[in-house]
Amino acid sequence: NAGVTQTPKFQVLKTGQSMTLQCAQDMNHNSMYWYRQDPGMGLRLIYYSASEGTTDKGEVPNGYNVSRLNKREFSLRLESAAPSQTSVYFCASSEFGLAGTGELFFGEGSRLTVL
Amino acid sequence: EDQVTQSPEALRLQEGESSSLNCSYTVSGLRGLFWYRQDPGKGPEFLFTLYSAGEEKEKERLKATLTKKESFLHITAPKPEDSATYLCAVGAQKLVFGQGTRLTINP
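Quick note, the sequences are listed as chains B and C, same order.
Counting in our numbering, the first sequence runs from 107 upward without gaps.
Counting in our numbering, the second sequence runs from 18 upward without gaps.
To be clear, the hints were calculated from the coordinates, so they are not data collected in a lab.
Heads up, some of the hints might be wrong.
Computed Cβ-Cβ distance ranges for the label pairs, DEER-style [what the hints assert, rightly or not]:
hint: 1; chain 1: B; residue 1: Leu175; chain 2: C; residue 2: Lys76; range: 44 to 50 angstroms
hint: 2; chain 1: B; residue 1: Thr121; chain 2: C; residue 2: Arg78; range: 43 to 49 angstroms
hint: 3; chain 1: B; residue 1: Glu201; chain 2: C; residue 2: Gly58; range: 43 to 49 angstroms
hint: 4; chain 1: B; residue 1: Glu201; chain 2: C; residue 2: Thr43; range: 37 to 43 angstroms
hint: 5; chain 1: C; residue 1: Lys59; chain 2: B; residue 2: Asn171; range: 23 to 29 angstroms
hint: 6; chain 1: C; residue 1: Tyr68; chain 2: B; residue 2: Glu165; range: 19 to 25 angstroms
hint: 7; chain 1: B; residue 1: Ser186; chain 2: C; residue 2: Gly46; range: 33 to 39 angstroms
hint: 8; chain 1: B; residue 1: Gly109; chain 2: C; residue 2: Ser69; range: 44 to 50 angstroms
hint: 9; chain 1: B; residue 1: Gln123; chain 2: C; residue 2: Ser37; range: 44 to 50 angstroms
hint: 10; chain 1: C; residue 1: Asp19; chain 2: B; residue 2: Thr126; range: 36 to 42 angstroms
hint: 11; chain 1: C; residue 1: Arg119; chain 2: B; residue 2: Asn168; range: 39 to 45 angstroms
Subject to a maximum C-alpha distance of 35 angstroms in a straight line, what follows is the list of computed DSBU-like cross-link-like pairs (lysine-lysine) [to be verified]:
hint: 12; chain 1: B; residue 1: Lys177; chain 2: C; residue 2: Lys59
hint: 13; chain 1: B; residue 1: Lys115; chain 2: C; residue 2: Lys85
hint: 14; chain 1: C; residue 1: Lys85; chain 2: B; residue 2: Lys120
hint: 15; chain 1: C; residue 1: Lys80; chain 2: C; residue 2: Lys59
hint: 16; chain 1: C; residue 1: Lys96; chain 2: B; residue 2: Lys115
hint: 17; chain 1: B; residue 1: Lys177; chain 2: B; residue 2: Lys120
hint: 18; chain 1: C; residue 1: Lys96; chain 2: C; residue 2: Lys86
hint: 19; chain 1: C; residue 1: Lys111; chain 2: C; residue 2: Lys85
hint: 20; chain 1: C; residue 1: Lys59; chain 2: B; residue 2: Lys115
hint: 21; chain 1: B; residue 1: Lys120; chain 2: C; residue 2: Lys96
hint: 22; chain 1: B; residue 1: Lys163; chain 2: C; residue 2: Lys96
hint: 23; chain 1: C; residue 1: Lys111; chain 2: B; residue 2: Lys120
hint: 24; chain 1: C; residue 1: Lys59; chain 2: C; residue 2: Lys76
hint: 25; chain 1: B; residue 1: Lys120; chain 2: C; residue 2: Lys76
hint: 26; chain 1: B; residue 1: Lys177; chain 2: C; residue 2: Lys96
hint: 27; chain 1: C; residue 1: Lys76; chain 2: B; residue 2: Lys115
hint: 28; chain 1: C; residue 1: Lys74; chain 2: C; residue 2: Lys111
hint: 29; chain 1: C; residue 1: Lys111; chain 2: C; residue 2: Lys76
hint: 30; chain 1: C; residue 1: Lys111; chain 2: C; residue 2: Lys80
Quick reminder that beta carbons are idealized off the backbone N, C-alpha and C, glycines included.
Sequences and hints are given; from them, build the entire structure.
Put into structure tokens, the structure is as follows:
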């Protein structure tokens, strides 16, 4: 059982380049999330999708866009990467909504470095 | 503003040496408090949900407790494989994560 799969696992970008992080879940969950994790900052929510066809901003959405392609897939796009976006990005999914039961299933992370 | 603070930031114990991790919070309309474990290079893994003061949950050597202002994760007779970062999160309008406690258990 794969759970939540993220690609790529590592990426190095130059300032101004664009890229898309892909996420797919096979648990038939309704809600999906993108977080970033930085030292000393904890996990911060970038965007979330409560259900297929909907997306909403989280705590730190600036510089990012998302697409809920279908129930399984939720992508995160950086249109013009900046060094401040160097981080580890986690995709997560849950059966219920944002506060729900709090039981999120996380992918293994995508480590992004912007030079 | 909803806030979660975990202490200590890092804790180093000898195998078998019991201790506790703290998660204090201020949130309006608590819907639940959640503990996660995160191994290096991995995503967080869900451990427990606590909903009301006085509630306790146990899993192997871990026991989580909840009061009105804080939660404790008690680790009894830990083993090296318990080494990880433990994250606390509170749910209100959204999930708010603490910064984590990095636990190291030396053999």
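Hint-by-hint comparison with the structure:
no.: 1; hint: Leu175/B <-> Lys76/C: 44 to 50 angstroms; in the structure: violated (35 angstroms)
no.: 2; hint: Thr121/B <-> Arg78/C: 43 to 49 angstroms; in the structure: holds (46 angstroms)
no.: 3; hint: Glu201/B <-> Gly58/C: 43 to 49 angstroms; in the structure: violated (26 angstroms)
no.: 4; hint: Glu201/B <-> Thr43/C: 37 to 43 angstroms; in the structure: violated (28 angstroms)
no.: 5; hint: Lys59/C <-> Asn171/B: 23 to 29 angstroms; in the structure: holds (27 angstroms)
no.: 6; hint: Tyr68/C <-> Glu165/B: 19 to 25 angstroms; in the structure: holds (24 angstroms)
no.: 7; hint: Ser186/B <-> Gly46/C: 33 to 39 angstroms; in the structure: holds (37 angstroms)
no.: 8; hint: Gly109/B <-> Ser69/C: 44 to 50 angstroms; in the structure: violated (30 angstroms)
no.: 9; hint: Gln123/B <-> Ser37/C: 44 to 50 angstroms; in the structure: holds (46 angstroms)
no.: 10; hint: Asp19/C <-> Thr126/B: 36 to 42 angstroms; in the structure: violated (31 angstroms)
no.: 11; hint: Arg119/C <-> Asn168/B: 39 to 45 angstroms; in the structure: violated (29 angstroms)
no.: 12; hint: Lys177/B <-> Lys59/C; in the structure: holds (24 angstroms)
no.: 13; hint: Lys115/B <-> Lys85/C; in the structure: violated (39 angstroms)
no.: 14; hint: Lys85/C <-> Lys120/B; in the structure: violated (47 angstroms)
no.: 15; hint: Lys80/C <-> Lys59/C; in the structure: holds (23 angstroms)
no.: 16; hint: Lys96/C <-> Lys115/B; in the structure: holds (30 angstroms)
no.: 17; hint: Lys177/B <-> Lys120/B; in the structure: holds (32 angstroms)
no.: 18; hint: Lys96/C <-> Lys86/C; in the structure: holds (29 angstroms)
no.: 19; hint: Lys111/C <-> Lys85/C; in the structure: holds (18 angstroms)
no.: 20; hint: Lys59/C <-> Lys115/B; in the structure: holds (11 angstroms)
no.: 21; hint: Lys120/B <-> Lys96/C; in the structure: violated (43 angstroms)
no.: 22; hint: Lys163/B <-> Lys96/C; in the structure: violated (40 angstroms)
no.: 23; hint: Lys111/C <-> Lys120/B; in the structure: holds (33 angstroms)
no.: 24; hint: Lys59/C <-> Lys76/C; in the structure: holds (20 angstroms)
no.: 25; hint: Lys120/B <-> Lys76/C; in the structure: violated (45 angstroms)
no.: 26; hint: Lys177/B <-> Lys96/C; in the structure: violated (40 angstroms)
no.: 27; hint: Lys76/C <-> Lys115/B; in the structure: holds (31 angstroms)
no.: 28; hint: Lys74/C <-> Lys111/C; in the structure: holds (22 angstroms)
no.: 29; hint: Lys111/C <-> Lys76/C; in the structure: holds (26 angstroms)
no.: 30; hint: Lys111/C <-> Lys80/C; in the structure: holds (24 angstroms)
The structure shown violates the earlier hints numbered 1, 3, 4, 8, 10, 11, 13, 14, 21, 22, 25 and 26.
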